[in-house]
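**Q** Given chain B, work out where chain V should sit, using these hints.
Chain by chain, the residues run as shown.
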Amino acid sequence: MTGRFVTFVILALCTLGLRAGEVRRSTVGFPTRIEGIVLPGFELEAEPLDRQAPLVVRIEAVYPHGTAFRYDLVYYGLEPGKYDLKDYLRRKDGTSTADLPSIEVEITSLLPPGQVQPHALAAQSSPFPGGYRTMLWIGGVLWAIGLAAILLVGRRKKRPVEGEGARPLTLADRLRPLVEGAMAGTLSTSQRAELERTLLSFWSQRLGLCDLKPAEIFAVLRRHPEAAALIQRLELWLHCPAPTDRVDIAALLAPYQVADARSEVPQPVAHK
Amino acid sequence: MSLHEVTSFIQAARDRIASVVVGQDTVVERLLVALFTGGHLLLQGVPGLAKTLLVAALSKTIDLAFARIQFTIDLLPSDILGSEVLDQRTSEFRTVKGPVFTNLLLADEVNRAAPKVQSALLEAMQERKVTIGKETFKLPAPFLVIATQNPVEQSGTFELPEAQLDRFMLCHRLDYPSKDEEREILRRNMALGVRREDRGAVARTEFDVLEDGPVGSTEQVVQAMEAVHRVHVSETFLEHVVEVVSRTRRHPSVELGGSPRAGIALVKGSRARALIHDRDYVVPEDLFALAEDVFLHRMRLNYEALADGRTGEGVLREILTELGAE
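Sequence order for the protein chains is B and V.
Following my numbering, the numbering of the first sequence begins with 2 at its first residue and continues without gaps.
Following my numbering, the numbering of the second sequence begins with 9 at its first residue and continues without gaps.
Think of the hints as simulated: they come from the structure by calculation, not from any bench.
Incorrect hints may have been included.
Partial chain V-side listing against chain B, Cβ under 7 Å, derived [claimed, not checked]:
#	residue
1	Thr244
2	Glu247
3	Ala297
Each computed EDC-like pair below joins lysine to aspartate or glutamate, with the alpha-carbon atoms no more than 16 Å apart [said to hold, decoys possible]:
#	chain 1	residue 1	chain 2	residue 2
4	B	Lys214	V	Glu330
5	V	Lys105	V	Asp87
6	B	Lys214	V	Glu321
7	B	Lys87	B	Glu107
8	B	Lys87	B	Asp100
9	B	Lys214	V	Asp183
10	B	Lys214	V	Glu326
11	V	Lys105	V	Glu92
A few chain V residues that don't get close to chain B, going by computed Cβ distances all over 12 Å [claimed, not checked]:
#	residue
12	Ser127
13	Arg257
14	Arg258
Each residue gets a CB set at the ideal place from its N, CA and C atoms; glycine is no exception.
This is chain B alone, in the form it adopts within the complex (with noise of 0.2 Å):
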């Protein structure tokens, strides 16, 4: 009984110390520490900070005083007037704080009476297409339409490839203009060096020595009948400067006209 009394006394003397005390003053942005200030009831919080708020109120350090809690404040003015630094706090329960004692405190301005102020910000529209998040959308859209063109033209391309039309050129298509160009005696000399080499590649297609190291494929196909006799004349014809035979072409390229030209390698008709 004899402790809540003298606890009582010392509240309501702090009380009648602080309104009494002359109030706070401070000038405008200075941060103003009270500490150690006694303030009865559930322990207190600041306000929520508001950006339009004239002042900021902090409460730095709180400690267990009696039944009432001792506080470290600091405050700072945004703007000069009176204030109470009461309505800057709340209780943590959320009950009220009208039991709270009066915390005056007053903002002065340093600047002389009669500044000019500046004017007040009005907020405006960006301009177009100004603004971070519209230049997002922007990148957005335009990457989307990239991988929409290239999936498109993609597939546009394999359309051809799959269809008829734009069937690669097989062995036997690029044998026989070639074959018949040379029956008629109108090749030239790098025509003539393509029918032997495709020839040569169709022979070593069909006898299966892509595989061979390139000095044995010869030794193969001389071992062949026909591709050994196709291979002989064709010496005889293209590379012997004087041939003792006579090399009969059309006899010679005759079963490759005939070739399929829908089969990747021709099946040559066995010459005589």
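**A** For chain V alone, coordinates are given in the frame of chain B:
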């Protein structure tokens, strides 16, 4: 000298070498190709494949001067080319010619010497003359360098750069002999016996078999070289060579393709091969036979191809087998 006489001489030389060296017919052919075209030959193979014996046999068969240099890290250019030595009796400098002054030079393990030594040899190969002090000496003709490289032990070696490899007309990769050849090698070796020397005896080696006289002379080599130049090369064959060289440059797996020198080597080599095979005109078979030896040491695959595990042999095989395909 007619074509028949030249080919008879070539066949006699091949038979003589074959009596000493078992198998390796392809290497003998490449040696003759290099000899008749004035090119140089790089042999890649593990030790013990009779490289030295082969070159020694060739020199004895055709009566050519032969020298062998074992390339090591401490070799100096003067050890190959020669140097000026102060003669203490006359107090004058005297030129001492190096082993490069010979007809057949075997540069054993050429990649073991420092780059300046390799470069000294390769310059001599290219220019066929050597400057010692203030004096320039011409190398004897014919002059053929047969260099060897061991593909296995690469530590402590100086890899020949592409520019210097390009100076070798052919690079042949020696393979192990077949089982039959290996059997014959053992039989011949067992039959060698021993040779009495002074009051003792030494085991005879294959080199002791080389005591028979030569079957040909330098003059016959010169005539063979002239005959090579008479071998006909058709326009069609030139088209093939141009196409192959071009494809080695255009292939997507190749970073460095065949140089113009590769094309020249292919035509020269094909002519010599045609002569060795008793023909007076070249055929695509010559191109196919020599392609690996001409191109593989000149081609460099790109990073992607190497990462895919592709080899020069595989890429060249693809180029040749797809010659007829566009």
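**Q** Next step is simple, just say for each hint if it's right about the structure.
**A** Status of each hint after checking the structure:
no. : hint                  : verdict
1   : Thr244                : holds, 4 Å
2   : Glu247                : holds, 3 Å
3   : Ala297                : holds, 5 Å
4   : Lys214(B) x Glu330(V) : holds, 13 Å
5   : Lys105(V) x Asp87(V)  : holds, 9 Å
6   : Lys214(B) x Glu321(V) : holds, 8 Å
7   : Lys87(B) x Glu107(B)  : holds, 13 Å
8   : Lys87(B) x Asp100(B)  : holds, 10 Å
9   : Lys214(B) x Asp183(V) : holds, 13 Å
10  : Lys214(B) x Glu326(V) : holds, 10 Å
11  : Lys105(V) x Glu92(V)  : holds, 9 Å
12  : Ser127                : holds, 32 Å
13  : Arg257                : holds, 17 Å
14  : Arg258                : holds, 15 Å
In this structure, every one of the numbered hints holds.
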